[in-house]
Amino acid sequence: MKSYFVSPVAYILLFSCSLINGASFVFWLNYLSINNIKEFTLLQACMNAFFFWFLLLVQVPVLTMRSFAEEYKLGTIEMILTAPVREWELVLSKFLGSVCFFAVLWMPMALYLAVLRIVYGHPLGMSVGMIVLPFLMLLLIGMFFISIGLFVSSLTKNQIIAAILSFALIFLIFSLSFLIYLGIGGQTREMISYLSFLDQMDTFSRGIFDSRPVVLLGSATFFFLFLTEKILEWRRLRE
Amino acid sequence: MKGVTVSHPLRFQLRINNILTILLMFAIVWIVNYLGYKYYYRKDFSKGGMYTLSSKTINVLKSLPEPVKIIVCLTNSKLQSDIDNLLKEYKYYGGNKIIIEHIDPALNLERAEALAKRLKFDLQENVIIFEYKNFHKFVNDNQLVEYDNSVAMFGQSPSIKAFKGEQQFTAAILSVVEGKPSKVYFLTGHGERNIDNYNQPGGYGIIATQIRKENMEPLTLNLLESGAVPEDAAVVVVAGPKNPLSPSEIQAITHYLDSKGKLIVLEGSNSNSGLEPLLSKYGIIFQNDKVVAIGRLVGGLGGEMLIDKAAGTHFADHPAVKPMIGYTLQLPDCRSIALSTDSSNPNVKKVTALVKTPEGFWGEVNWKEEERPKYDPGVDIPGPLILAAVYDGGEVPGKEGIHVFGTRIAAVGSSSFLANQNIKPDGVDFFINLLNWMLQKEMALGIAPKSVQEFGLSIPASQRQTVAMICLVTIPFAFLVLGVGMYFSRRR
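In order, the protein sequences belong to chains S and E.
Each residue of the first sequence is one higher than the one before, starting from 1 at the first, in the numbering used here.
Each residue of the second sequence is one higher than the one before, starting from 1 at the first, in the numbering used here.
Watch out, some of these pointers could steer you wrong.
[Claimed, not checked] Pairs of lysine to any residue residues, derived as SDA-like cross-links and limited to a Cα-Cα distance of at most 20 angstroms, are as follows: (1) E:K281 <-> E:S259; (2) S:K38 <-> E:E146; (3) E:K120 <-> E:N140; (4) E:K164 <-> S:E39; (5) E:K38 <-> S:K38; (6) S:K230 <-> E:L10; (7) E:K38 <-> S:L139.
Calculated directly from the structure, the hints in this document are not laboratory data.
Please model the complete structure; the sequences and the hints are all you need to start from.
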């Protein structure tokens, strides 16, 4: 966790993300106010927009690319693994550090809403569920993507390759959401709908809680963290 | 850990062990997801419980005897997300008894065309089809919302006031699960409109198809042959008879109405059913006129023309016509209706004028004689005119003390608005709503429409500018300054 906040790269990431996030927020705030649109909430608009997904897909690979790749490159991984630390403890600490930083990256969004709600007293028309659930979904998706990023980072000692590979894998999984627009029907459609982040975010941002994405993203996160731990074990055995 | 020396065979075993553990973990994750998908929990935290189903619907879904298939065939519906999310709630409570299939004509034309051919509907429509065994019920997306037309006078398009998705979907499920479709008998033998006639302009083939989509069965009825209205008749429709009914037929209909029958009489200016004295006992009087108006020619010609198509623009606050508010119902070849003022008749209070014209229309009494009809004060009937009226006998005690709906009569001053050559969506909606009201289909459920969620933002420009400053300058540059500070502190 501390390593994130002493790195200038982290601040560049914070700066870029808050700028893009802020631009998206300001755009939707103006768009909904000027056009008097009442059909969806400000949060719904922000969290289903192109920039939201773009940011989510891009920031995680950048966030996780250094995790293990840099340790391999600098040779510090041996030092860590010889310390009284188990592989899973190492994986978990890297994961929690990344998740905390991820939460900080998205904190401004909540702050902007708080400014409108608390400082200016605008009711915004949302129920508590409609505010909390999209953030919960964001956190779940972020955790899943981070676990993929950590897994990929554990495979290579080149940060750039780690970033590209994890982006490719995350993008591939995310792209499954679009298969629904190919007119696929029956069980396949249900399966795709189950895996669709777009669909899940839409449902949660409407204020509907569904346990299925929680199970899916929770178990998938666990699986990739487990794989990461196995990769570390594998490398240890190799050496 | 790192220092442990591992022999090669043991290392190989450990790797095999690793692979097997990964496979086992994958299997566990797969099983967890399978179970998580099958047994899940949903809860609606939206504003006003937009997607929360009523206990009535939940009971219907939990007691479904066999699976109901719901085919969503939407081309360009604004309500797609609302429909999808509502159907997910149906699936949640219905489980395996609800099968949802999405067919998008734009993406899967072949399947959509096959379905349209099998169930006979137009692919341009946005429909949700409920299928149970051989029974079908179509719900159009415009049946799912109630519009607020109060803004129409300011030139804005009407906004959605309420979402009736649950009401319509549950009614549709009940309708198909009931099995036997309600039988709608169309009287024949007096030159009435023919429900088997799809090709002739005056036929009723198209409306008969629409009635089938509502899981109702249109049938013909010749009272001279049957002698009485069949016991399974849900509604009897008398559509534009040219000759009056015989006394024995009128007697049969009288008996039917006395025993809580449901009757729709569609009688244009050229019709004469002979039922007029019977209807007047129920407070409805067909007048011998033709509804006309004078309209100005558009396009700067400055001339005037006779409008012989009555325009119903004023609708009563009645379940049969509530969804029509804001629309115009066009009734060609129309006669007007008057409500009885006889205070000694107890039925008079139970009659409602459903549809009225604007003031510009009048009832031309001498329309057969006058070549260029004009309004003759004292002779013709001044507007606004009533074009449709209903008699509602109210609830009466039935078997085992259960209250049932009593006699219901609807009288409309035109039959040709449903003819193949004139039929329009507004006319179809009006007639189907009338039938549904007669059969108490949706209304009997008592599921209230949900008020549409509105999230309007009224944030002054100055506040928006401040928020923009925070979003685009303060926070991003705070991070930048922190980053620069961190960089220099690390260099030192």
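Taking the hints in turn, this is what the structure says about them:
1. E:K281 <-> E:S259: 15 angstroms, holds
2. S:K38 <-> E:E146: Between K38 of chain S and E146 of chain E the Cα gap is close to 16 angstroms, so the pair holds against 20 angstroms.
3. E:K120 <-> E:N140: 14 angstroms, holds
4. E:K164 <-> S:E39: 16 angstroms, holds
5. E:K38 <-> S:K38: It is violated: about 35 angstroms lies between the C-alpha atoms, which goes past 20 angstroms.
6. S:K230 <-> E:L10: 17 angstroms, holds
7. E:K38 <-> S:L139: 24 angstroms, violated
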